[in-house]
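S.K.: So in this note's numbering, spot 557 of the sequence shown is number 605, and the numbers just go up one at a time.
Note that these hints are calculated values from the structure, not bench results. Each hint should be verified, as a subset may be incorrect.
Here are the simulated distance ranges between beta carbons [said to hold, decoys possible]:
1) D287 with L116: 40 to 50 angstroms
2) T496 with A309: 49 to 59 angstroms
3) K431 with D167: 26 to 36 angstroms
4) D519 with E630: 36 to 46 angstroms
5) T496 with T589: 20 to 30 angstroms
6) T496 with D81: 35 to 45 angstroms
7) A448 with T488: 41 to 51 angstroms
8) V449 with N487: 47 to 57 angstroms
9) T270 with G436: 17 to 27 angstroms
10) G322 with T488: 46 to 56 angstroms
11) N550 with P489: 23 to 33 angstroms
12) N201 with D287: 14 to 24 angstroms
13) T441 with G322: 24 to 34 angstroms
14) D384 with E447: 32 to 42 angstroms
By construction, the Cβ of each residue, glycine as well, lies at the ideal position given by its N, Cα and C atoms.
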Amino acid sequence: MFIGLPAGAQNTFQQIWSVKDSMCSGNNFAVADDGSVFISGLVATTPSAFDRQYDGLIWKTDPQGNILWTNRLKHGSIHEVRTFSLQPTSDGGCIVLVFYVLNSINSKVNATILKLKSDGTHDWVRQLKNSDHYFFDIVKINGGYLVTGITRNLVGSPVIKIDESGNTLWSLAFNGFELKSNGAYEYPNGDILIPGGSGKGGWVKLNSAGEILSSWRYADTTDIQLRFGTFFNCTPVGDSLLFIGYSYTSNTLMAMKTDHAGNPGSTRRYGITGGVVLLDIKGDEASGFVLCCLNKQFNKTYLLHLKADMTIDWAKTYGKGGGNVLQCYGVVPAPDGGFLITGDITKGNKLSMYLAHTNEKGEVPGICCDKPVEVNYLPCPVKKEFLGYTTDTLSELTEAVLVNWLTQTQVKPFCETTHEIQLSDTTICPVSCLNIALNTPQQGSTYTWDLPGASPDSSLLASPGQVCYVDSGTYPAFLKQDGCLVDSTLITVDNPDDQFPNAFTPNNDGVNETFRPLITCPVEEFTMEIFNRWGVKIFETTDPETGWDGNVNGQPAPVDTYIYRVQFFAVKGTERLLVKNEMKEVTLLR
C-alpha cells in the first residue's frame, strides 16, 4: 500500500491493538535512545463500570510500532491496578509508576515503582504501602529520577528522587499544591523547578538535596475566582522561563513567560470552540512544544504545536474517521522530528489501544487522520502571589515482592485499515482505460477519490469503475474515507520499448518458430519487410501479429542472417508519432 505524504514527511504509521475479551487503552509513554518505545496503559475486563476489573499494561515496541513484548500487571486479590508515567533506563529497560487499590471506595493504595529489564521481566519493586499517595509522573534528572504524584484528597504531592536501583535519595510530602515532575526544569547547578497547580498555576524550586528554595503561584485578574489553572511544563526560553498549562475554569490553554525570579511577563490564553482539556505536553525552545488535548466531551483529540514565542504553529484534530472516536492521552517527540501519540480508539463498544507516529506537522494518514482546527488567542493578565504550603515527611519506600503479577499478553491488531484499491492493471498504454474498485467499502462511510491526470479525475463512488488516461506518466490515486486518506496507489501510463528478437528457430519444435516484434501498445500503419543477403525481399506483412515462419515460396529458407525493416506509428499522448523506422539483422537457425 502506498500512502502519499507531503515532501520530506517521516515514516508515519497508526497501530491499533486490542486484548481479547477486554477493553484496553494507552495513557503514557517514553522513547529510549535506540528509538524503541515504552507504553503504559490499562485493560478493563468487562464493559460495565460497576464490576469492571482493571489491570495494568506495559508495551515495548520497536521504532516502527511493532510490538516486542507486552506485560499485564494483575493480582488475584486486587480490584484495580493502573500504570502511569514511565522512563527508559540505561540497560534498555524502564521504570514504571503503578498503583493498586482494593475493591473499596475508602481503601488506601499501594503506590508502586516498578523496574523492568529490557526483556520485560521485573528487576525490582518499591512501594509506599497503605498510603494516601499516588505516583503519576517521573522524569530523568542528573543522578536519578524525580517522581511526583497526588494525594487522595487532590491537594498535595509526594516528591521523591530515586536512583536507577530504586534507592531513595530524598523525599518529602508537599501539601496544598499538586506538582508535575514531567514538566520540571533542572538548572545546571542541580536546582529543580517543578510546575503544578491547585486551581492557580505555580511552581516550586528545590535544591539538589530536595530542600525548598522558593515558590510562587499566579492569579488571573480577569477571572472572578482569580484562578490560573495548572502548569504542566516549565522550560527556559532565552533569559525567561516559559510555563505552559491549562485553565480548569475556562477550558483554555495558557502560556506565561517570567523572569527567573518568577515575575510575570507575556501571558496568553488559547481557546478552541467547545473548550479544551490539556493532558500532556513535551518539547523545548528549539523545536517548540506539542500539546496533547481533548475536547470537553472527551470524544475528540487535538494536537497543537506552540513555538517559543508563544504563537501557534499548527493545530490538528483527530478522530471520528470511519466511525471511530479517538482519545489521546500522551505525546512525545520522535527521533526523526515527528511525534508519537497514544490513547484509545472506540469503535462500537470496543475500546482498543492506539499508537500513531505523525510527521513534524502532526500529519498522519489512516482512519483517524488529521484535520486543521482553529485556535483563538485570548487576553490573560495575571498577578504573582505567594504560594502557601506545608510539608510532611514521606513514608519510606520499601522493597516489595511482585507475586503472580507479570503475565505475557498477546495483543492483536484491531480495526486495521482493510481498504485496498483494486486495479484491473497497474500499467496501461496511453489513450486507454482501466477499472478502479474498492474491495471492502464500509456501510455508512463517505468515500472520495482523487485521480489526478485521469478522466474522470475524481469520484464520490466507493468504486469509480472505468478511468482513462491520455498522456504517458506515473499517476497517484488517492482514496479518502470520511475525509481521511486511507489508501493510495500508483498507475503507470507508458508505451514501453518494443522488443525485437535477434534470432529464431523454425524447426517445428513449437518454440520460437516465427520472427515478429513484440509490441505492447496499439500501433498504426505497421509494415515489416524481410530481405536476404542479396537484398531480395522475401517476406512482407502489415499485421504486427503475423510473423515470418522462415519459409520462402513455401520452402524452408537456409540458415543465414537476414535483414528486416520495420516501420509503424503510434499514439503517444495526443500526438500520432512515427515510433519505429529502422533496419536490423535477424539470424535464422534450425
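S.K.: For every hint, state whether the structure bears it out.
M.R.: Against the structure, the hints come out as follows:
{"no.": "1", "hint": "D287 with L116: 40 to 50 angstroms", "result": "43 angstroms, holds"}
{"no.": "2", "hint": "T496 with A309: 49 to 59 angstroms", "result": "55 angstroms, holds"}
{"no.": "3", "hint": "K431 with D167: 26 to 36 angstroms", "result": "53 angstroms, violated"}
{"no.": "4", "hint": "D519 with E630: 36 to 46 angstroms", "result": "25 angstroms, violated"}
{"no.": "5", "hint": "T496 with T589: 20 to 30 angstroms", "result": "49 angstroms, violated"}
{"no.": "6", "hint": "T496 with D81: 35 to 45 angstroms", "result": "42 angstroms, holds"}
{"no.": "7", "hint": "A448 with T488: 41 to 51 angstroms", "result": "49 angstroms, holds"}
{"no.": "8", "hint": "V449 with N487: 47 to 57 angstroms", "result": "53 angstroms, holds"}
{"no.": "9", "hint": "T270 with G436: 17 to 27 angstroms", "result": "23 angstroms, holds"}
{"no.": "10", "hint": "G322 with T488: 46 to 56 angstroms", "result": "33 angstroms, violated"}
{"no.": "11", "hint": "N550 with P489: 23 to 33 angstroms", "result": "50 angstroms, violated"}
{"no.": "12", "hint": "N201 with D287: 14 to 24 angstroms", "result": "38 angstroms, violated"}
{"no.": "13", "hint": "T441 with G322: 24 to 34 angstroms", "result": "44 angstroms, violated"}
{"no.": "14", "hint": "D384 with E447: 32 to 42 angstroms", "result": "40 angstroms, holds"}
Checked against the numbered hints listed earlier, the structure breaks hints 3, 4, 5, 10, 11, 12 and 13; every other hint is satisfied.
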